[in-house]
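J.: Residue numbers (my numbering), protein chains in the order written: chain Z, 6 to 117; chain R, 58 to 171.
It is worth saying that the hints were derived from the structure and are not from the lab. Heads up, some of the hints might be wrong.
Derived pair list, reagent style EDC-like, types lysine to aspartate or glutamate, alpha-carbon separation capped at 20 Å [claimed, not checked]:
(1) R:K114 - R:E127
(2) Z:K116 - Z:E16
(3) Z:K8 - Z:D72
(4) Z:K116 - Z:E20
(5) R:K128 - R:D113
(6) R:K128 - R:E159
(7) R:K75 - R:E136
(8) R:K126 - R:E136
(9) Z:K104 - R:D113
(10) Z:K104 - R:E110
(11) Z:K104 - R:D116
(12) R:K114 - R:E136
(13) Z:K8 - R:D116
(14) Z:K74 - R:D116
(15) R:K122 - R:E110
(16) Z:K104 - R:E136
(17) Z:K116 - Z:E21
(18) Z:K104 - R:E87
(19) Z:K104 - R:E159
(20) R:K128 - R:E87
(21) R:K122 - R:E136
Some chain Z residues near chain R, calculated using beta-carbon distances under 8 Å [said to hold, decoys possible]:
(22) Y37
(23) P45
(24) A88
(25) R96
(26) K104
(27) Q109
(28) T112
We put the CB at the ideal spot given by N, CA and C, even for glycine.
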Amino acid sequence: DAKTTQPNSMESNEEEPVHLPCNHSTISGTDYIHWYRQLPSQGPEYVIHGLTSNVNNRMASLAIAEDRKSSTLILHRATLRDAAVYYCILRAVSGNTGKLIFGQGTTLQVKP
Amino acid sequence: EAQVTQNPRYLITVTGKKLTVTCSQNMNHEYMSWYRQDPGLGLRQIYYSMNVEVTDKGDVPEGYKVSRKEKRNFPLILESPSPNQTSLYFCASSLTSGFLYEQYFGPGTRLTVT
């Protein structure tokens, strides 16, 4: 499985944008990039996913580099509720057992 | 409300006393799985099920059993719990195992085996 690398931790101020990076230099051409987050004392929750084009949904935006070797999850206005561990996960198109490979993720701290 | 429920949420037990952690989803999902989360090791998959009566091992299946007799339920069974199974357990479900489908996680079960 292709590996992802994320910073261990990041800080943000409330109501400011946050850019969470993820490196995946060994990504294959058909791997999708998924992001999940885990709020304190909760199970992980899906945030967004994409293949090549940038994606937006109600929670966040996903910017994918042209060579697909990196991506960035963008929270447009961080709130205190966004303090969580964010995981960048690659999901293969074929041979999919449904397993999500969680790395160490990035712990986001949001300051009021 | 679409959700995955787990029971119990907290459990303290002793070595060797059989226990079952239940997992139920109300979204008619075909795919369900169990993960354990440990400090420094992250989340690791224990077992998964593609559909009723179809289960398979994940990365850390030793000491666990599962069954999938109904679509909505996927219980995790520890026949003879040991202290190394002290962990935080999460059940997850998805429409299918396909890469495009988001997975929904339960709130977690914190298990302590003494």
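J.: All hints are to be evaluated individually against the structure, with a verdict given for each.
T.: Going down the list of hints, with the structure as the test:
A distance of roughly 18 Å separates the Cα atoms of K114 of chain R and E127 of chain R; the hinted pair therefore holds under the 20 Å criterion. With a C-alpha separation of about 7 Å, the suggested pairing of K116 of chain Z with E16 of chain Z holds against the 20 Å cut-off. At roughly 16 Å between alpha-carbon atoms, K8 of chain Z and D72 of chain Z fall within 20 Å of each other, so this suggested pair holds. Taking the CA atoms of K116 of chain Z and E20 of chain Z, the gap is near 9 Å; set against the 20 Å cutoff, the hint holds.
Restraint check for K128 of chain R and D113 of chain R: the C-alpha separation of about 15 Å stays at or below 20 Å, so the hint holds. Only pairs whose Cα atoms come within 20 Å are accepted, and K128 of chain R paired with E159 of chain R is accepted, the gap being roughly 18 Å. For the suggested pair K75 of chain R and E136 of chain R, the alpha carbons sit about 5 Å apart, so the restraint of at most 20 Å is met. Between K126 of chain R and E136 of chain R the CA atoms are separated by roughly 18 Å; this keeps the pair inside 20 Å, and the hint holds.
For the hint pairing K104 of chain Z with D113 of chain R, the CA-to-CA distance comes to about 11 Å; that is within 20 Å, so the pair holds. For the hint pairing K104 of chain Z with E110 of chain R, the CA-to-CA distance comes to about 18 Å; that is within 20 Å, so the pair holds. The suggested pairing of K104 of chain Z with D116 of chain R holds, with an alpha-carbon distance near 9 Å, which does not exceed 20 Å. Between K114 of chain R and E136 of chain R the alpha-carbon distance is near 16 Å, which keeps this suggested pair within the 20 Å criterion.
Annotation: proposed proximity of K8 of chain Z to D116 of chain R holds, straight-line Cα distance about 16 Å (limit 20 Å). With a C-alpha separation of about 27 Å, the suggested pairing of K74 of chain Z with D116 of chain R is violated against the 20 Å cut-off. A distance of roughly 13 Å separates the Cα atoms of K122 of chain R and E110 of chain R; the hinted pair therefore holds under the 20 Å criterion. Distance hint between K104 of chain Z and E136 of chain R is unfulfilled; the C-alpha atoms sit about 24 Å from each other, more than 20 Å.
Note on K116 of chain Z and E21 of chain Z: the hinted pairing holds, with a Cα-Cα distance of about 10 Å set against a maximum of 20 Å. Of the pairs offered as hints, the one joining K104 of chain Z and E87 of chain R holds, with about 14 Å between alpha carbons and a cut-off of 20 Å not exceeded. Restraint check for K104 of chain Z and E159 of chain R: the C-alpha separation of about 12 Å stays at or below 20 Å, so the hint holds. Pair hint K128 of chain R plus E87 of chain R holds up; C-alpha atoms about 7 Å apart against a cutoff of 20 Å.
Our distance criterion of 20 Å between C-alpha atoms is met by K122 of chain R and E136 of chain R, whose separation comes to about 8 Å. Below 8 Å, beta-carbon pairs count as interface contacts, and Y37 of chain Z has one with chain R at about 5 Å; its hint therefore holds. The interface hint given for P45 of chain Z is broken, as the beta carbon of that residue sits about 11 Å from the closest beta carbon of chain R, more than 8 Å. A cut of 8 Å between beta carbons decides the hint on A88 of chain Z: the least distance to chain R is about 18 Å, and the hint is violated.
Nearest Cβ of chain R to the Cβ of R96 of chain Z: about 4 Å, under the 8 Å cut. The hint holds. The closest approach between the C-beta of K104 of chain Z and any C-beta of chain R is roughly 5 Å, which is under the 8 Å cut-off, so the hint is satisfied. Using the Cβ-Cβ criterion of 8 Å, the hint placing Q109 of chain Z at the interface with chain R is satisfied: the shortest such distance is roughly 6 Å. Below 8 Å, beta-carbon pairs count as interface contacts, and T112 of chain Z has none with chain R, the closest being about 13 Å; its hint is therefore violated.
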